[in-house]
Amino acid sequence: MDAVVIPIHFRLNGENRQAEVRTHELLIDFIRDRLDLTGTKRSCDIEICGACTVILDGKAVSSCSIFAYELDGKELTTIEGLAQGDKLHPLQEAFIERGGFQCGFCTSGMILLAKTLLDQKPNPTRKEIQHYMDANICRCTGYQMILESIMLAAEKMTGKPA
Amino acid sequence: MISPFQLHRPKTIEEACALLAQYGEQAKILAGGSELILLLKMNLAAAAHLIDIKGVAGMDTIRFEPESQALKVGGLVTHRSLETSRVALEHFPLLVEMENQVANIRVRNIGTLGGNLCFAEPHADPGTLLTAFGARIKVRSTHGERLLDIRDFFVDYYQTALERDEILTEVEIPKLPANWSGAYLRFCPGERPSVAAAILMQWADGTCADARLTLGCVGPKPVRIPEVEVALRGKAAGEILAEGVNIGTKMSDACDPPADIWGSVDYKRQIVKTLVSRGLQKCVRDA
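The listed protein sequences correspond, in order, to chains A and B.
Taking the numbering used here, the leading residue of the first sequence gets 1, the next gets one more, and so forth.
Taking the numbering used here, the leading residue of the second sequence gets 1, the next gets one more, and so forth.
Among the clues, some could well be false.
Computed list of lysine-lysine pairs in DSS-like fashion (alpha-carbon distance at most 25 Å, straight line) [said to hold, decoys possible]:
| no. | chain 1 | residue 1 | chain 2 | residue 2 |
| --- | --- | --- | --- | --- |
| 1 | A | Lys74 | B | Lys54 |
| 2 | B | Lys41 | B | Lys54 |
| 3 | B | Lys41 | A | Lys74 |
| 4 | B | Lys11 | A | Lys74 |
| 5 | A | Lys59 | B | Lys41 |
| 6 | A | Lys59 | A | Lys74 |
| 7 | B | Lys282 | A | Lys74 |
| 8 | A | Lys127 | B | Lys282 |
Sample of chain B residues lacking proximity to chain A, with all beta carbon distances greater than 12 Å (derived) [what the hints assert, rightly or not]:
| no. | residue |
| --- | --- |
| 9 | Arg9 |
| 10 | Leu19 |
| 11 | Ala161 |
| 12 | Pro220 |
| 13 | Cys255 |
No lab work stands behind these hints: they were computed from the structure.
For each residue, glycine too, the CB sits at the ideal point set by N, CA and C.
In isolation and in its complexed conformation, chain A is listed as follows (with noise of 0.2 Å):
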């Protein structure tokens, strides 16, 4: 069968966008080889680990096993979208502080998965923070400091220990 081909309109990252989809099309392949956006990774493409996460109407979901035609009337939050011109967002902020990355392959999608338990629930407890992390897989074993700096982001954006 021919590819076909439905036209989609959402929003990637605050801004409206337009494009054609092939129906069978991946979100994962329609960001990364037609926007052009990279941060998304590709890794088990089984929906296990976690490095292509982005949030799809304020929910964390895995990109690689979703078609783009799904993007249509919803909107997009890519790991680019994050920052607001140079300042960036304070869970950037805190993974460089205390160091919540090493080889950073999974670091987008533990940044866009934390940014919607944050959004959900700004003071967490360690505890929480990971029963909800625990989607995500740093190949790395970095963890500890991904816990440290959840904690500290959550701090920064409500004024309070977490």
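Put chain B on the given structure of chain A with help from the hints.
Chain B in isolation, oriented as in the chain A frame:
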């Protein structure tokens, strides 16, 4: 690489059923997609027509129906919606506790309970607990509706009783009578449980009046172990605690797990024994 397909986005269940009847084996239903898209990517499934039912109205609700005393979970309700549902928490706290453990938050945000059951992967959480609850599965086609006991819905590894033209529309979970306590325990080295146990017990004056013991992931589908359920009736809470390991052994003897990537037969039996005795402790504690 996924092969191209024709996309259909029905807005009503009637429309979805008509499309499925029209395209038959050439079509696949997409609810959340957390299982189906993996299969499509691995070429373990193919669809010339994809029927995306996410837009079907009225299938994403969770409600408790007082007349039937049952929780009605629409076929498109995600794991995350159940996990955060106040209605579910009020009537079925154990269901919420189980849903909170399914895979990971990204999968729970997208994956649906209905899709999970239709995939019939034995190494999944919901099927085991819903078998203990005696859930009923409502399915629909252009010919009408059927209501299936979950034990008849699951047929074999990755196989359900769904006919080619049927769509799961609702999961009904009947509320337990008063004085029940329960536990859902699993051993989960990764994303999916390797062995799971769901134990529900009814109490009357400190003794067990009734029990539902279900093991998951030890065969093609979750299994109740009636001979051990019967043996528990009439036993005092203290007696059950004292015999916990023994009861666990009876459960592990009664099941027939395969040796596979999840472990050897002996290993799985050992885990069954441990999960069951811990589950009994929790049931007694919460009695």
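Against the structure, the hints come out as follows:
1. For a cut-off of 25 Å, the pair hint linking A/Lys74 to B/Lys54 stands: about 14 Å separates their Cα positions.
2. For the hint pairing B/Lys41 with B/Lys54, the CA-to-CA distance comes to about 20 Å; that is within 25 Å, so the pair holds.
3. At roughly 24 Å between alpha-carbon atoms, B/Lys41 and A/Lys74 fall within 25 Å of each other, so this suggested pair holds.
4. Note on B/Lys11 and A/Lys74: the hinted pairing holds, with a Cα-Cα distance of about 18 Å set against a maximum of 25 Å.
5. The suggested pairing of A/Lys59 with B/Lys41 holds, with an alpha-carbon distance near 23 Å, which does not exceed 25 Å.
6. Under the criterion of a C-alpha separation no larger than 25 Å, the hint pairing A/Lys59 with A/Lys74 is consistent with the structure, at around 11 Å.
7. Between B/Lys282 and A/Lys74, the direct Cα distance comes to roughly 44 Å. Violation of the 25 Å bound is thereby established for this hinted pair.
8. Distance check on the hinted pair: A/Lys127 and B/Lys282 sit about 22 Å apart at the alpha-carbon level, within 25 Å; holds.
9. Not every Cβ of chain A is farther than 12 Å from the Cβ of B/Arg9; the closest lies at roughly 9 Å, contradicting the non-interface assignment.
10. With a cut of 12 Å on Cβ distances, B/Leu19 stays outside the contact zone with chain A, its closest approach being about 15 Å.
11. At the 12 Å boundary, the C-beta of B/Ala161 stays outside the reach of chain A, the nearest C-beta of that chain being 27 Å off.
12. No beta-carbon of chain A is positioned within 12 Å of the beta-carbon of B/Pro220; the least distance is around 22 Å.
13. Its beta-carbon lying about 28 Å from the closest one in chain A, B/Cys255 satisfies the requirement of being farther than 12 Å from that chain.
The structure fails to meet hints 7 and 9 from the earlier list, while all remaining hints are met.
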